[in-house]
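Chemist: Start from the sequences and build out the full structure, keeping to the hints where you can.
Chains as they are written, first to last, in the numbering used here: chain A, 1 to 225; chain B, 1001 to 1808.
The set of hints was computed from the structure by calculation and includes no laboratory data.
In this text the structure is predicted, and so the values were computed from the model without any measurement.
Each residue gets a CB set at the ideal place from its N, CA and C atoms; glycine is no exception.
Be aware that one or more of the hints could be misleading.
Unchecked claim - Distance windows between CB atoms, simulated:
#	chain 1	residue 1	chain 2	residue 2	range
1	B	1803	A	56	29 to 35 Å
2	A	65	B	1738	55 to 61 Å
3	A	137	B	1803	46 to 52 Å
4	A	224	B	1803	35 to 41 Å
5	B	1401	A	56	24 to 30 Å
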Amino acid sequence: MIKITNLQKFYRTEEVETVALNDLNIHVQEGEFVAVMGPSGCGKSTLLNIIGLLDDLDEGSYVFNNVEVAKFNERKRSDLRKHNIGFVFQSFNLIDELTVFENVELPLIYTNVPAAERKKRVEEVLEKVQIMHRRNHFPQQLSGGQQQRVAVARAVVNNPKLILADEPTGNLDSSNGNEVMNLLTELNEAGTTIVMVTHSEHDAKFSDRVIRMLDGQVIMETTTV
Amino acid sequence: MTKHDIKTTLRYLWKNRLFTSLNVVGLSIGISACWLVFSIVHYEFSFDKKTPEADNIYQIVTQNEYKGEKSGFAGITLGLAPLLEEQALDGVLVVPIYRQYFERLIVTPKDGEETIILEEQSDIIGSRKSYFDMLPYEWIAGNKQTAFQHPKSMVITERKAKSLFPKDDPSTLLGRVIMVDTVQFVVSGVVKNLSFPSSFQAQIFMPIPHKEWSDANWQMLNSAHLLYVKTSNPNSLDHLLKVGQKRYQEIAGEEDAKLGYTTEFTTTPLLAKHFELQYDADGSTVNRKVMYGLIAIGGFLLLLACINYINLSTAQVPQRAKEIGIRKTLGALPTVLTFKFLAETFCICLVSLIISWPFVSLFPKLYPEYIPESMEMYSNPWIITAFLMGLVVFITIFASLYPAYLINKLRAIETLKGKVETRIQGTRLTLRKGLIVFQFVIAQFFIVGALIMSYQLNFTLSKDLGFTHDAVVMVRMPYKSYQNADVDPFLYKEALAKYPGIKQIALGHEPQSQNHWGNIYNFAADTGSVQLSTPRKYVDQDFVSLYQIELIAGRNLQQTDTMRDVVINETTVKTLGLKSADEAIGKFLVQSNQVAFPIVGVVKDFHQKSLRSKIEPLLLVSSSKSNELQTFHIKLSFDRTKWENTFSIMEQEWKKLYPNAPFEYVFADEKIKNLYEKEHRTTKLIDLATAVTILISCLGLFGLATLTAFQRTKEIGIRKVLGASVAGIVGLLSKDFVKVVLIAILIASPIAWWAMNKWLEDFAYRIEIQWWMFAIAGAMAIVVALVTVSYQAIRAALANPVDSLRDE
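Modeler: Next comes the structure, spelled out in structure tokens:
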């Protein structure tokens, strides 16, 4: 599903050029649950952003679903992203002005799903993450765990093929964290590909494969049992 | 626009109530200004446009040339109209419009009703039947064929019918009698008022009196006599002008040539008339430049408002960057985000529009002098609505473009990491600061202006005028025939003299007024004959002592029936080239008819006109006629509690002598104040401008303060962690803004100094502009600026550094 070869990414300021990702190769099969680990600054998040088509790469090739997307423009990327990829962030990134329902509904609006269909799908997914009773609350009125469940609901409401999770449990206590991990596992078992950046060995155990990075390069891959 | 968009837009605006209301205030100022300006300009430019075949209507006017200087005049000679009517070809309308003056119109009531009296109506004209052929009046009663058949007939408009016959249906008024002074007129027609703004404003129409129509005078031009011609054939217009000019030359050409004077009849098209200041006969024309000035002001305020909107909404971009980033990540396209922002602006515009409505309705009540009189009558709600809708759309697009561009430029990943600040600041900030400086320059200019104007106006009222006017009231003598104007005014003086509440009574012109009665006198000086052009005031012998005008040589006037002796002021002494006041006594001033008047006294100079003009020569002369003396001056005792009683005594005595004239008194102080009405009006407008510009500047400044506080959140956090106090941080944040305002003060002060000097030049007697006036104005601006930024500064300073530092 994801095939990245010889990826290079630099960050330039006026004086310094920093290499964020250096000659990186990654393959992710459809239906896989991959965890990316490594110390701060090793390029995990940058990699996730590139996979999520939020950032562009400087050199190398990125084939997503058998399509070369490295040279896609903003519009094409946005189009591909909204139909295929869901995001879960460490800081939830819910919109404060929107209710739970509306936050989850948002991706469907941007993919022009009719209103009746939207309602049905949002309710389904809210049921699934068990937050239906809070559908008309605003994000600030929820606990962290609840907020992250909403974020997960939003990420999956469009039935994306791929979910990218950036430290999804980073802001949660362990029981809430486990809940979110169980949700992701369920989704994976239902067929969704998941790429998750994490610092937590505990969370990594939920995945099929762990990719360890250092200084912009993959240093080790391990398969979990 | 989906329900989702509307809902989230409204929710966002509500959540950011403070910014929303600041934006609404700013934009409603701009919208109100544009709304008012559009109403006025649209009204003025629609004048006469709807007159049928307006482009075939011309006014015949005169062009005079004297010593190479040309001047235009609206009036014509009385001989011209009958001649042109006689000479006009078929299909040409000759329409004379002669203003008619009457003391009053009286409608004798049907039984049991009150008599209706209208005094001195200025909207009565004499004309010919052709008047009704030229203008599309709709007849409610009567018709244009028969309306002017009888010389003592009157056609009135529906509006006038309402005031003359309030209880009657206008269509039933044919044959009703109106007493015009002492002559009976009969209503021969009632017409609807013209449905469009027109230069033809008369409300009562009558045939031109025979005496005027048959008066073949070719020497006198009078602005009461206007003439219009309607023709589709330019040749016949030329023909008429030639015929008129030929006759004029035959009769008056020689006299003109002697004086080095030429008079030429020419035309001005009706469609241009409303803006032709030189052909203004009734004060109804307007200056085109004023219109362009208004458009500029409206546009300028709108621009400032839009800039503020842009300023405030871009200041908000960092705060909402996260939301935008999330939406982008979830697949929102740039068009979607732009549209969302447009929707927000549109909502704010609509609210502003609603808020402007009370402003716009209130303005004519607060500033009636700046609104054309009958504008309301012709306002077209559809055109105004269309304009306002257009305006809202324009503002929405104009004010949204830049913020929408910024929003779209944000990169999703950076916003989600909280990296936005760096992208919004930089050069933008200097641009913003420049804008704030610009706004404060304008505000500062107006603050200084308002301050200096009020000092000058106080000065005009407190300056020693050379006479004292405390506790003096003035009463105008009756001048209309039915008001017993011929009664000897000294009878009233005698009647009042016996009351203790009245200290003194004098008769004569007002001591300080813009009215000018004057003559040219010859004076035999050592160096030959001196010509003295001087105004004179008719007074009685108590005038000088009542106003405590100091007599410095000779004696006061003696009461005589006609001008016999004269008292002059010091300036006259100097103008005549005399060395001292005493020297003037016994000398003679000789009028052109060789009558000589001895100078018997000299008074100290006093301000006989407003402080705009220098003290000129002045003669005080005696008279006993009410049409010359004009006014009673009554000095009351200083005990204010007795005044009410005195006024009622004055009224009682008045009614005995003048039963038909109203008793109306004005305090001399009030009269003097009224000399500066124009300045008071200007001050009122400047005060408004000051308030508006200060408000707009503060909105801009507030936006900048918000942005700065946001950008420096982290810096403030670090400073606090390192031990900075709240006061220290507020000071740190405020310092920058004070600097901005100081720069504005530096730029504005010389401009204001120059402009206010120009304004003060209108006054011969004026205050000196002092440095501390600028200091006061500057201090005011700084205080206003500090109050404006303090909210954000204090909020930023009070924030818990733990929150601001946690972000990264």
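Chemist: Run every hint past the structure and note whether it holds.
Modeler: Status of the hints after comparison with the structure:
1. B:1803 with A:56: 29 to 35 Å: Between residue 1803 of chain B and residue 56 of chain A, where Cβ atoms are some 33 Å apart, the hint holds.
2. A:65 with B:1738: 55 to 61 Å: Given about 59 Å between the Cβ atoms, the range holds.
3. A:137 with B:1803: 46 to 52 Å: Cβ of residue 137 of chain A to Cβ of residue 1803 of chain B: about 23 Å, so the range 46 to 52 Å is violated.
4. A:224 with B:1803: 35 to 41 Å: The hint (35 to 41 Å, Cβ to Cβ) holds, given that residue 224 of chain A and residue 1803 of chain B are roughly 38 Å apart.
5. B:1401 with A:56: 24 to 30 Å: About 27 Å separates the Cβ atoms of residue 1401 of chain B and residue 56 of chain A, which means 24 to 30 Å holds.
When each numbered hint is compared with the structure, a violation occurs for hint 3 only.
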